[in-house]
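Enquirer: Chain by chain, the residues run as shown.
There are 2 protein chains.
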Amino acid sequence: MGTRLTIALDAMGGDHGPSVVVPAALGFLRQRPDAELILVGREEAIQPHLKEAAPGAALRIHHATQEVAMDELPSRALRNKKDSSMRVAIDLVKRGEADACVSAGNTGALMATARFVLKTLAQVDRPAIIAAVPSLDGQTHMLDLGANVDCTAEHLLQFAVMGSELVRAVVGIASPRVGLLNIGQEEIKGNEQVRQAHELLAASSLNYIGYVEGDDIYVGEVDLVVTDGFVGNVALKTSEGAAKFMAHLLRQHFNRNLLSRLAALAALPVLRGFRRTVDPRRYNGASLLGLQGIVIKSHGGADVLAFENAIHIAAKEINTKVIARIQHEVAAHLNLARGFGLEQQRAVG
Amino acid sequence: MGTRLTIALDAMGGDHGPSVVVPAALGFLRQRPDAELILVGREEAIQPHLKEAAPGAALRIHHATQEVAMDELPSRALRNKKDSSMRVAIDLVKRGEADACVSAGNTGALMATARFVLKTLAQVDRPAIIAAVPSLDGQTHMLDLGANVDCTAEHLLQFAVMGSELVRAVVGIASPRVGLLNIGQEEIKGNEQVRQAHELLAASSLNYIGYVEGDDIYVGEVDLVVTDGFVGNVALKTSEGAAKFMAHLLRQHFNRNLLSRLAALAALPVLRGFRRTVDPRRYNGASLLGLQGIVIKSHGGADVLAFENAIHIAAKEINTKVIARIQHEVAAHLNLARGFGLEQQRAVG
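Sequence lines, in order, name chains A and B.
Every position in the first sequence, counted from 1, becomes a number in our numbering once 746 is added.
Every position in the second sequence, counted from 1, becomes a number in our numbering once 746 is added.
Hints are computed from structural coordinates only; laboratory data are not their basis.
None of these values were measured; they are calculated from a predicted model.
Result set (DMTMM-like, lysine to aspartate or glutamate): computed pairs, CA atoms no more than 25 Å apart in a straight line:
(1) K990/A x E959/B
(2) K990/A x E967/B
(3) K797/A x D761/A
(4) K990/A x D962/B
(5) K990/A x D961/A
(6) K990/A x D1025/B
Simulated restraints on C-beta separations:
(7) G1019/B x N826/A: 48 to 58 Å
(8) Q998/A x G956/B: 25 to 35 Å
(9) E790/A x L1005/B: 48 to 58 Å
(10) E938/A x P1015/B: 43 to 53 Å
Partner residues aside, some chain A positions facing chain B, computed with beta carbon under 7 Å:
(11) D961
(12) F976
(13) V980
(14) F991
Every residue, glycine too, gets a C-beta built ideally from N, C-alpha and C.
Turn these sequences into a full structure, and let the hints steer you where they fit.
Expert: What follows is the structure, given as C-alpha cells:
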C-alpha cells in the first residue's frame, strides 16, 4: 500500500462473483485512476473476466482458494474458511495492505469474520450495519440494519455516536440530526430500552432531535435514524418491498393497453429520470461500523453499477479517515456517557 | 337495534370531526340503504353537516357532551371522559344498541376505552390492531400494528389465531397463509420470543408458512403477517413513508419542465389509475382485534372517502360475524397450544 488508496474486493462473493466484481472494479478504476484494487479469489475464476485489461499496478489478483457460500453459517465460515476470498480480503485490511475491503458475500459471515480479524474499536461493544436511504432532501442514514437483534440503551447510544460521526465525515453535515426510531402511541411510547436510550441521547452532546417514526425516514428532517438491528432490518426491507411494489404497479398501469403504452412512450424520458432517482443500485453499500478497519457490505444480488457504488463508498470512507474520526468521537462521548450513567446509578442507589 | 346492521360513529374523533364523519356516513348509506348509522357527539356540532339530509331511521344523532383530544393520555380519557363521543360509541356496542363502532380518535384512548368497556375475548390476553396493506395479488393483513410494544411468543400465537380467522371471514380465504416477521440473517435469526413463537405456530393447525421478511409483505405470498406492535407499527409507517416519497418524486419528475408536463398530460389517465390503486384511503380502517365487540380505528387524518371505507370494514365484520368466529377459533387453538406448552415443559422438566 503506497499513498494511493487501496481496496481489497472479495471477487467471489455475492450471487454473481467475479462476473460482477471484475467489471465493477474496472469501471471504478476508470473514474478513480488514482486508486488501487486487489481482486481476491481464485485466479482462474477471475482471469477470464479481466479480458483485455491486463493486471497492473492499479489492479491485481490476490489468489485465495476457498469461498464462503451465501447460506453458510458464520461460525462454520469462520472456522473452516481461513483461505476464503472474504477472509483474505479482510486479512489484507488487518495487515495494512489494503485500506478497506468490499464484499457482496453473506452478511453474517462477513460480520463474524471482520469482527474476529479486525476487532472492535475501543469502547465499542458491538459493531452495527449502517447505510443510506434516499429522502426528500437527499439521504438519511440508518443503523443498525441487522447485526444486533437485541440491543441495550447503551448499545443504541454507541450506534448513534458512531453513525453521527460517519454522516459528518462522509456526507459533510457539520451537526447531523439524530433521531431515535419509535412508535407514536402515547403512554406506550416505546419499550424500556428505547426510553432509556432516549435519556442517554438527550444527555449526550449529539444533535439529538428526539423520537422519529417510520415515515420520518423519508421526509429528510433527520440525518441519522438509530434503532436496533431487528427493527432496522424490517424497516429497510419493508421500504424496499413497498418501493418495488409501487414500481411494479406503475409499470403494470403503463402496460395495460395500446393507449397506455403510447402514453408510456411519451412519458419515457420522465419515467427514466424517475427510475434513476429511486434506483436502489445508487444506494448499494452498507458499512460495518465499529471495527478497526473499513468493511463495506454490498447487496448479494448487486449488479456491476451497484457493486461499483459500494467501492465508491469504501473510497469515500478511506479519504475522510472515518475510522480514526469515529474512534476519537467514541472515546469523547462514551467516556462522558459512562460517567453520566454512573452518576445516575449513584443517584438512584 | 333491529335486524339491520347498526354502526355507531364517533362523530367528533379525528382531525376533522363531523365535517368528515357526517358526509362519510351519508355516502355510506347511499351504498348500504339497509344499514343504520348513529352519529355520536355534540348535536349542535353534527347538525350543520347534515344539511338537507333529515335524520331518520337510517341516521340518527346520539348526543354526547365530551370529546377525547388527539393527544390526550389514554388513562386520563378513560377516567375523565365518560360522556365523550368515543366512550359513548363504545358503550352503544356494549349495550347491544350498535353492532360495531368506528372512530378516528386517538388510538391509545380508543384501545384503552374499548378494552375497559368491552373486555377481551376469553383466553385472549391482549387485543391487537390489524389492518390490510395492498400487495401484488390483492392484500396482506398485518398485526399487531402498535397496541403491544412487548409481546411474548404466546401473545404472537394469539394474534396469529385471531388474525387468521379475521382474514378467513372477511377476505374469504379458506386457509390464510400465516407468516412470522423476522430478519434474514442466519444464526441470529430473530430474537428469543420470535424463535419461540415460530415453534408454537409450527405446532398449531394454522396454515403457517414460516418466517417472512419485510419485503415479503408486498409480494402477495402471505395473507397474514404476525409481529409485535413495535415492529409492526414501524413496518407500516415506514412503508407509508416510502410510498409517499415515491409518489412525491414521480410528481416532481412530471413537473420538471414544459416537456415533462406535456408528458404528464398524455399519461394522465394512466397516472390516475395508478394513484387509485395505491390510494391509502382505500385501505383505511384498522380493527381492534380480541375484544368482545367490533371496534374500527380510522386514520386520524382520514377524509370522507377514507372514513367511508372504515365504515365498510365495520359492516363487513358485522356481516361475517367475525367476533363469534374468532372466539370459537381462539377456544379451539389456544386450548391445544396450552396443552402443547404443558407437554413441552414436562418433557424439559
